[in-house]
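Enquirer: Each chain, letter by letter, is given below.
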Amino acid sequence: MSPRLSASLALLPNYLAWHVALSAAALALGLAVSLPLAVWASRSARLRWPLTAFASLIQTIPSLALLALFYPLLLALSTLARGVLGHGFSALGFLPALLALSLYSMLPILRNTTAGILGVDAAVKEAADGVGMTPGQRLRRVELPLAAPVIMAGVRTAAVWTIGAATLSTPVGQTSLGNYIFSGLQTENWVDVLVGCAASAALALAADQLLGLVEAGVRRRSRALTLAGAAGLAAGTVLALLPLIGARERPAYVVGAKNFSEQYILAALIDDRLAAAGARAQAKADLGSAVAYRALAAGEIDVYVDYSGTLWTNVLERRDNPGRAQVLGQLTAELKRRDGVTVLGSLGFENAYALAMRQDRAQALGIASLADLARQAPELAFGADLEFLSRPEWKAVAAAYGLRFRTQRSYQPTFMYRALAGGDVDAISAFSSDGRIAANRLVVLSDPKDAIPPYDAVVLISPRRAGDARLRRALEPLIGRVPVEAMRAANYSVDRDQGKLTPAEAAKGLERALGF
Amino acid sequence: MAEPLIELEDVEKRYGEHRALAGVSLRVDAGEFVALVGGSGSGKTTLLKTINRLAAPGAGRVRVAGEDTGAIAAPVLRRKIGYVFQEIGLFPHLGVAENIAITPRLLGWDRGRIAARVAELMDLVDLPRAMGERPPAALSGGQRQRVGVARALAAQPAMVLMDEPFGALDPLTRDALGADYRALHDRLGLTTLMVTHDMAEAVLLADRIVVLGEGRILADGAPAEVLATTSDPRVRDLLEAPRRQAARLQARLGGGPA
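Residue numbers (this note's numbering), protein chains in the order written: chain A, 1 to 516; chain B, 1 to 258.
Note that these hints are calculated values from the structure, not bench results.
Computed from a predicted model, the values in this text were never measured in an experiment.
Check the hints yourself; a few may be wrong.
Computed spacing ranges between beta-carbons, pair by pair [stated by the list, open to error]:
| # | chain 1 | residue 1 | chain 2 | residue 2 | range |
| --- | --- | --- | --- | --- | --- |
| 1 | A | A206 | B | A65 | 56 to 62 Å |
| 2 | A | L35 | B | P92 | 17 to 23 Å |
| 3 | A | P50 | B | E120 | 50 to 56 Å |
| 4 | A | V33 | B | A65 | 41 to 47 Å |
Heads up, incomplete: computed chain A residues facing chain B, CB under 10 Å, no partners named [as the list claims (entries may be wrong)]:
| # | residue |
| --- | --- |
| 5 | A122 |
| 6 | A123 |
| 7 | V124 |
| 8 | P145 |
| 9 | A148 |
| 10 | R221 |
Where is the CB? At the ideal position from N, CA and C, for every residue including glycine.
Let's have the full structure, built from the sequences with the hints guiding it.
Expert: Below you can see the structure in the form of structure tokens.
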């Protein structure tokens, strides 16, 4: 077996276990809520329409957006609970994923159960009343058994949807088979992406077939078939969950990472440093940019690396640029005051947003600065990463230079570089520490008006770890020690096409380069 | 005079604008076999259903065995009254024996008593006991209605309501089943109210015929007596229908031995 595949498969038990735990819990919750609602809807025509309309509406929300929406909602609830009850709960990870997926599973169960109950022959219902059944007895003894095959068909659909959508719970911090897909897409590790897709498809297929067995059982009124399907489901679930049992010793620290290679590498670096200090750490990767800071402030992750300019514009909502040292100094004071977040210090390099072009193209057009770019922008196409165009930095740059492109498109970073290389776009929003700038022969355009703030990579520590001496001792040696060249090399070792390293391997290489 | 088993007093029932029952009063004594007849929309089925509250009366009072039905929980009332209807409504997910056993189970009888009762009933309605495990779908129409009758009698009710019970059966099965039921009625001392649109069936099976039209009782009495005394042309028309039909049959087929 290729080393990449075996490295990938080594992660399978843990990812699969969480995926199964999440899907099974979401389906169970979805069933527990939908079944009574469906019974109610089958009794009242007035309720039926709004209820199915609501479930259909939820179905039209993209599942990723639904998952994303639950995070701020739960965060607000948790803050409220902390205020009222004295302790909150984690708004990250299992809970938002569970709630969003449960909502998502409701429509097929709701629709099929209602249709199944309404579809019971009127003569049979009259007979049930005629022999003296109460409405509850009629439901349990006649309507539900007769509607069971239709209900099971709905549960089957819901199960397949839930297992598929559960891959999207990775960005809200819940481990799932989606971890393969998100990080694989980011680091262009297609083996990971394929393993993630294949595993989730196989899981969905297996669940569908076993539920199909139960469905056939209730349809043919064969107890043996129904039991076989149910036993298969139970055994499969228990088997998949085994890796979670026993290994539940709570890690001392949770290390956060956003969704790009440098973040994976730095999280692995912090993991290693903590391990060297004798502490257990667990990574929570692929967090959205805004999610990461709020998760830290809420104490759901203990430490992660962010960038001064990002915090300056997005958290402090500052639009000015007083210079690198001033930004870092004010940021350190303000984050402490506002959220109790500790800025341990800068790692020593910047990963700035920078607009970049292919060298040959820039030379041909005579563009070296953003001011040059602005003059020719109306003829040019611009590619940005997924968030850049909605960030204040972009608005500041566009306003400062009067930038107006012919077209602008958003890409997942990997594909953004591909689009530039292929000539689909003329300029992109790059990161200055990205190894691909040198490797792809790109030029970074200068910013004579200082419209883009500095982006020092800073280590942030959550309020509840502020006084943790062990954590500080483990991480302080990193402060000021990482030159941008070393970071670029590490990033490129993960992003390149040939001889790729995993982020963990790249972190080890970086440590060696730094002399740890 | 004995207290009537079923008593309706000025019962009214509306379905929206339509007046299905326009003030009906009726007394049925224990042991009677009453046929409710009348054209479509005359209110005969609605009248039957007000007795076991499958239709709740809009006004008036219904008493069963002296008790106001409005004061008893409907399921409790229905477990004391057998109910048989044209569509039969056997539970397709239960076997024949389980279908018959349903009301005793609702009443919480013990297993042994239920098993004995089911066996007794299958003999009574002339079904082979081996049929008990079969699903209703595996039965013929006549067998199914025999199960329907057995189910209605399972909890030993004093009275049975029948809504066109044999209407969907072929003529031979229908004849046989009608006669068999009448024998059961006599043997078990039942009180039966049967809705039918078949006048011959009404005349042949019932002791007493109640004719309904537009939600009112037009005539009430023994078949011959009603025919002799009525002045209502609608009632006469209805009651003479079997005889007219027989005469036409005679004319077409030629006079054979009757």
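Enquirer: Find the hints from earlier in the document that the structure breaks and name them by number, from lowest to highest.
Expert: Of the numbered hints given earlier, the structure breaks none, since each of them holds.
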